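S.K.: Chain by chain, the residues:
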Amino acid sequence: MAQNQVDKILAQDYKLGFTVYVESDTAPPGLNESVLRFISLKKNEPQWMTDIRIIALHKWEKMKESHWAHTHYKPIDYQSISYFSAPKKAPNSLDDVDEKVLDAYAKLGIPLEEQKMLQGIAIDAIFDSVSVKTTYSQALQEKGIIFCSISEAMREHPQLVQEYLFSVVPMTDNYFAALNSAVFTDGTFVYIPKGVRCPMELSTYFRINAKNTGQFERTLIIADEGSYVSYNEGCSAPQRDENQLHAAVVELIVKKNAEIKYSTIQNWYPGDEEGKGGIYNFVTKRGLCEGENSKISWTQVETDSSITWKYPSCILKGDNSVGEFYSVAVTSKAQQADTGTKMLHLGKNTRSTIISEGISAMKGQNSYRGWVKVASNASGARNFSQCDSLLIGSGCGAHTFPYLESHNAQAQIEHEATTSKINDEQLFYLRQHGISEENAVSMIVHGFCKEVFAQLPMEFAVEAKELLNLTLEGSVG
Amino acid sequence: MMNIKNIHAKIGDKVILKGLNLELEKGKIHVIMGPNGSGKSTLSKAIVGHFDVEVTEGEILYKGKNILETSPEERALNGIFLSFQNPVEIPGVNNTYFLRTALNEKEKHEGKKETNAAEFLKLMRQHVEQLGMKPDMISRALNDGFSGGEKKRNEILQMEILQPEIIILDEIDSGLDIDALKTVSEGINRMKNTERTLLVITHYSRILDYIHPDYIHVLQDGQIIKTGGPELVKTLEAEGYQAINKDS
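Going down the list, the sequences are from chains A and B. Residue 90 in this note's numbering is what sits at position 90 of the first sequence, and the numbering runs on without skipping anything. Residue 237 in this note's numbering is what sits at position 237 of the second sequence, and the numbering runs on without skipping anything.
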């Protein structure tokens, strides 16, 4: 319909694109051993960690960036990035947290204060490279739950970190995982003891603030036998002309009868219509369903990276273990997403479900890439995949790359895929009933994403809907 | 209520309406009849601002203002309702949610208190029952997989809930069996009052056995060529459009 109107709305500013001026301690750009020692020193890390970083760096130097994804970008100059930036005041307690940092979080709508407790959410907030505040650790401690920054975990719980770090995503798993292993600056550590059901939602909020920095966090969650936790992560970044790199690694370990529900809402600055600026989101997320009847459920809403390269995966090792992947990925402007999942069925009667909803508008390119593999011992394994693509306008693209591999004759694998287009008649029908064009688009898109949104915790679902509206407002052409 | 003056309109390069004049009176039922291709649907699309139709000349005055420059949603909010000949299917959008949003938008526009979800559901249930629709209409997606009759009943349901001031029914009777035609006609008759105008566009005189029009207009080749009372239907039935054409 009216292209100029569309462009006007899409040209609206990224609402979280503010920068906060905080005095910060930043490493000079570049990547070498001394930078790693600087990071280790700043973070007061044990020697074993410094050694690991250096080993990872040397392995990474020998690796090559892979380019099989359906994305295009200029080569990244890894020596021009600063690998560490921290607000100068060392935050030990709430009182020590720089007010400007707290202001930044308030602007993001993430009050770290009491109201969150009322909602039963504990938060770890990561500002640039450092975890500034973990709320309600104490309330959680009473149940034996550990919820802290990964730096703190290295110091306080080294045996757990050493046992599980790299156990699901090996140091050299891929180029970006190796880079992360060398330079990761912070992240969240969660341990849920045997038989404990975590009484509140755990949340981490990541914010890239400083200029020319990358963010490399590492998250490690361990759910011991019979435990349960629902963990949410959210992200945002200021609006910048240059591209910023986010290369995170998430590892989940789930023991017998335990469950982790992991929800992500990405709201980075997406870059402009030409693809200038925005976040390169190159993330490795993988969970191991180690014990019998264990379960991992990934839910992600990806609206705002310039480039997304991300495949939250499940290794279904325990018999009867369950892996789920629910995804909404939106690409508008010049955004590119290559995202999906891997489900590796090793145990007997393992089940996996993949629901992927891709939405493309303007010049956005959206690819689903999924790999379902059933090993020879995995009798009774079942997979169901559903990949739907919704196109808005004619300049965008949707692509589906499903890889199915079964080594067990009894396994059941189902794959369904649909592609649809929001058509002008549908929009007109809604408008002719007094519903504005923007609301009409959002109504159709939300209908399309319903199944995935239903998986999100309530508060996150509301945020996801708003984000979607923001990303797609008026993207009708 | 609405005064359509000298409307010229085209779809693509094809000129369809050629100086059409029509005055719709408050509290009356108007019927437009005409052969295929005479411009019936183009006229209804022009009134609601459909993107297919380009109006090149003339004006449509509604409540004294020319509405041609206003958006479709603005026209709807000001009380113009069109029941589509082929209501479009919108998978994923819940029928009840859609209709409540439409009602709430209208209430907002009129500065009224918005009907909440519980009140709305009650209202919806009443109307669904009255129209003899299946109760699952409440939870299904908008027109998605509806039969022809279900779609038309759903249009009447929308009309009854939104209470528009001017209602255009574009071939509401096509594809209906006799029971559905009766129910739909009853719905139309319920809507008639002294404040509201109905414009029924049809091929067939069949529906006119159930609703009682005040005026019959004959549309041919992009113009209204004759206007008369209900008796005009009889002439049409007996002699066809050709006869009217010769008369004029």
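Honestly, the hints are just simulated from the structure, not real lab data. All values reported here derive from a predicted model rather than from experimental measurement. From the three backbone atoms N, C-alpha and C, an ideal C-beta is built for every residue, glycine too. The reader is advised that the hints may include incorrect statements.
As the list claims (entries may be wrong) - Pairwise CB distance ranges, derived in the manner of DEER restraints: (1) A417/A x N3/B: 50 to 56 Å; (2) K14/B x Y175/A: 40 to 46 Å; (3) L160/A x K112/B: 48 to 54 Å.
Claimed, not checked - Here are the simulated BS3-like cross-link-like pairs (lysine-lysine), alpha carbons at most 27 Å apart as the crow flies: (4) K182/B x K234/B; (5) K182/B x K450/A; (6) K421/A x K122/B.
S.K.: Confirm or reject each hint.
M.R.: Verification of the supplied hints:
no., hint, result
1, A417/A x N3/B: 50 to 56 Å, "holds (52 Å)"
2, K14/B x Y175/A: 40 to 46 Å, "violated (59 Å)"
3, L160/A x K112/B: 48 to 54 Å, "violated (60 Å)"
4, K182/B x K234/B, "holds (21 Å)"
5, K182/B x K450/A, "violated (37 Å)"
6, K421/A x K122/B, "violated (34 Å)"
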